[in-house]
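Chemist: If you want the building blocks of each chain, they are given just below.
Protein chains: 2
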Amino acid sequence: MKYQSFFPENVKEALKNNPPGAWMPVLPKECIRLSSGFPAPDLVPAQQMRAAAASLVEEEQDLPFHYVGSPRAALLQQQIKQRLRKRGIDTGEGELLITSGACQGIDLIARALLDKEAAVAVESPTYMEALEIFKNYTKQIMDIPIDENGLNTEKLAAMLAERQAAGLVLPRFVYTIPTFHNPTGTTMPLKRRKHLLELSMQYDFLIVEDDAYGELAFSEPVLSCKALDQNQRVLYVGSLSKVVAPGMRIGWIAGAEALISAFAWFKKDLDHPFSQATMSVYLENNPLEERIQMLKNRYQVRWETMQHALEQFLPAPISWHMPQGGYFVWVHMPKLDTAILLEQALAMGVSYIPGKYFFLHQEKGTEFLRLSFSYAEEQDMVEGVRRLGELLAPYYR
Amino acid sequence: MKYQSFFPENVKEALKNNPPGAWMPVLPKECIRLSSGFPAPDLVPAQQMRAAAASLVEEEQDLPFHYVGSPRAALLQQQIKQRLRKRGIDTGEGELLITSGACQGIDLIARALLDKEAAVAVESPTYMEALEIFKNYTKQIMDIPIDENGLNTEKLAAMLAERQAAGLVLPRFVYTIPTFHNPTGTTMPLKRRKHLLELSMQYDFLIVEDDAYGELAFSEPVLSCKALDQNQRVLYVGSLSKVVAPGMRIGWIAGAEALISAFAWFKKDLDHPFSQATMSVYLENNPLEERIQMLKNRYQVRWETMQHALEQFLPAPISWHMPQGGYFVWVHMPKLDTAILLEQALAMGVSYIPGKYFFLHQEKGTEFLRLSFSYAEEQDMVEGVRRLGELLAPYYR
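For the protein sequence lines, the chains are A and B, in the order given.
Counted from 1, the first sequence has number 1163 at position 343 by this note's numbering; the numbering is strictly sequential.
Counted from 1, the second sequence has number 1197 at position 377 by this note's numbering; the numbering is strictly sequential.
Do not rely on the hints blindly, as some may be mistaken.
Just so you know, same-sequence chains aren't split out, so a pair can sit in one copy or run between any two.
As the list claims (entries may be wrong) - Calculated cross-link-like contacts (lysine-lysine; reagent style DSSO-like; alpha-carbon spacing at most 27 Å):
| hint | residue 1 | residue 2 |
| --- | --- | --- |
| 1 | Lys822 | Lys901 |
| 2 | Lys822 | Lys936 |
| 3 | Lys936 | Lys836 |
| 4 | Lys936 | Lys1184 |
| 5 | Lys936 | Lys901 |
| 6 | Lys959 | Lys1184 |
| 7 | Lys906 | Lys1014 |
| 8 | Lys1116 | Lys936 |
| 9 | Lys906 | Lys1116 |
| 10 | Lys832 | Lys959 |
| 11 | Lys1014 | Lys822 |
| 12 | Lys975 | Lys1014 |
| 13 | Lys1011 | Lys906 |
| 14 | Lys955 | Lys832 |
| 15 | Lys959 | Lys975 |
| 16 | Lys955 | Lys1011 |
Read the hints as simulated data drawn from the structure, not as lab findings.
With these hints in hand, go ahead and build the complete structure from the sequences.
Modeler: Structure representation (structure tokens):
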């Protein structure tokens, strides 16, 4: 290709091993989207955000439209810190960086901590965007199995001991989604979280805790790894995408000042004063606590609808994991290849994400798929699952 | 430092050679900011943007608040392409990437094209943020002198010939701001632009053309390098920060599809649907052509005010370069160190940017400073220059 000579070797390799391009087919227009990890359209506060933007301009005039200088944009930091404090996470001066969503946060962490000599450990399966990001920096990725209690820390410990004994490089960090995991919906119990923190001290690695879904708990949530962290081992990645609106692109990293300042240095999109300031006004006028309570109630109803539909329409021996919060149900379809089936599902007007995309070694994921109960309307969700059942029934007769 | 062991060598080196942290002192509250490369407060369309945000929500409801799916956000691409077409730049499918301002564009280019084996050439002086970005990726930076006609392409040619003869690595790209250069305000004539394009073919390098100020021409502007480019050698970096509002963070890269798709792959902040869609509505309701005409008129008046003030208040042998557009005047103060003088200037209530920050080899810049005529109100601008004159007079008696 004409421009190949302009790319450094590591970039050539990243583009080759991890080729750009959409991996999901374009969805038909009338498709019931059980694939979408988006908030439901009617749960996005469009009118309140519009009011926030209007009141911001009333209050600050031109300030949010300059590079810097909007008091509101500066205030957003404090509002997020306050929210984190309520969840047991104290962040001091220089310990919080606002990012353009969790995704930019994960990329900044990888940018500053990984190169091809470095290793990283991920859950298997894991959030596909994170996997793609890590592949841009290194080929040394270890995947640790998830079970119904999230990351299996015993298996992680065994892997670490084995690598240490063999003189192999240890992971610089473990990337985990301990609460309402994407895609499996699993949650790590307290004991495993503490074990993970102990391992991080014993084997000297950092923990990148992705907590995008952590606030959407149907019952009392487990403490985040960050809240349990006595040794500044955890880099906590959060976001308002799931609880307010993804299109505002507000996420963050909380962690040790020396690490945060490195991430900040590599973040060359500067800040987004208009979005950030609008969000700040929104948060002041619409208490997040109440909103999250409302979301939990609404998503729990959807969760129940999804569960009933799965029980009603999916034939044995298909099984699934219902989470205690978050957005996702992880479904196991023995002996089927969910990536191959997708085409038929789309033809029937229902979408899901084939499990293989969440695995470092995609062959591990062929019998799985991810369903989301966050996005589609309830009656559509039921109809979507019914269609899936219709598609699958002949395979299990 | 506690976390040093977690950083790869190249990151450690970048943080050491190019330390994070503000290089400008905090400005006193009442300071006349001749340092700020911002649009004037009253030239930022705050009310129109507020109206655009309101009408966007009216029109699209929740769509701009999701990750994707806002027709308006998609439309922004077309609006920018149309604007580029008017300036002689045709971009086909896949040849334009929206970025969070020009800065993210420059960083993405560096991310995909530079590593420590690669070299890059910059103007001397150049935009300080770009210099910082390149230093994050490589130490092999060559600086080519600017004269009153911008980048001296004869000197670039000599450097290239010399390096080729010596078997040294040639630059992967030349970063240039050919029109209303930051900080010098100079503009490369057509002949030099053509020479630069010829050199890019002869020595096989790319040209990164930063055109942030190009539309703000007081008279007929020179064609951009990109418009003259027959061989897809130019990566054109543009932005709405100087002509609409920096706080919206809308910039772009236009160039060959194979390069643009690599940049897109590394852009992990995803898109910013709310900002982009709001900007799209703004552009539809407020024709950019008319706005730019208005800005040119307004900035030209400010330019004249600045020129008169400089003539009136700055003692000989101080000299300066008045640009034909853009934001900046470059001032030469023989035998003074402008970085040392800054403290006194701030005490007198006027700020500028010391020249040294724009140079790879900072010692070349001690006698220079950058003044901006874009931001301060006209009477303040005059007063600011008067204070500078008062500060400087004793040194030239």
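Chemist: First find the shortest C-alpha distance between Lys955 and Lys832 inside one copy, then the shortest across copies, and answer within, between, both or neither for a cut-off of 27 Å.
Modeler: Both: 12 Å inside a chain and 21 Å across chains, each within 27 Å.
Chemist: For the identical chains here, do Lys975 and Lys1014 meet the 27 Å Cα criterion within one copy, between copies, both, or neither?
Modeler: Within. Shortest intra-copy distance 15 Å satisfies the 27 Å Cα cut-off; inter-copy 62 Å does not.
Chemist: Reference check for the pair Lys822 and Lys901, CA-CA at most 27 Å: within, between, both, or neither?
Modeler: between (48 Å within a copy, 24 Å between copies)
Chemist: When Cα atoms must be at most 27 Å apart, do Lys959 and Lys1184 count as within-copy, between-copy, both, or neither?
Modeler: This pair counts as within: shortest intra-copy Cα distance 18 Å, inter-copy 43 Å.
Chemist: Regarding Lys906 and Lys1116, is the shortest C-alpha distance of 27 Å or less found within a copy, between copies, in both, or in neither?
Modeler: Close inside one copy (17 Å), not across copies (51 Å); limit 27 Å.
Chemist: With identical chains treated as interchangeable, where does the CA-CA distance between Lys1011 and Lys906 reach 27 Å or less: within a copy, between copies, both, or neither?
Modeler: Classified as within: same-chain Cα gap 22 Å, cross-chain 63 Å, threshold 27 Å.
Chemist: Pop the pair Lys955 and Lys1011 into one bin, within, between, both or neither, using alpha-carbon distances up to 27 Å.
Modeler: This pair counts as neither: shortest intra-copy Cα distance 30 Å, inter-copy 44 Å.
Chemist: Classify it for me, Lys936 with Lys836: is the Cα-Cα distance of at most 27 Å met within a copy, between copies, both or neither?
Modeler: This pair counts as both: shortest intra-copy Cα distance 15 Å, inter-copy 20 Å.
Chemist: Checking Lys936 and Lys1184: alpha-carbon separation at most 27 Å within a copy, between copies, both or neither?
Modeler: within (25 Å within a copy, 37 Å between copies)
Chemist: How would you classify Lys959 and Lys975 at a CA-CA limit of 27 Å: within, between, both, or neither?
Modeler: The answer is within: 21 Å in one copy meets 27 Å, while 42 Å across copies does not.
Chemist: 27 Å Cα cut-off: does Lys906 pair with Lys1014 within a copy, between copies, both or neither?
Modeler: within (20 Å within a copy, 61 Å between copies)
Chemist: Given a CA cutoff of 27 Å, do Lys822 and Lys936 count as a within-copy pair, a between-copy pair, both, or neither?
Modeler: both (26 Å within a copy, 22 Å between copies)
Comparing the model with each earlier hint shows violations of hints 5, 8, 16; every other hint is respected.
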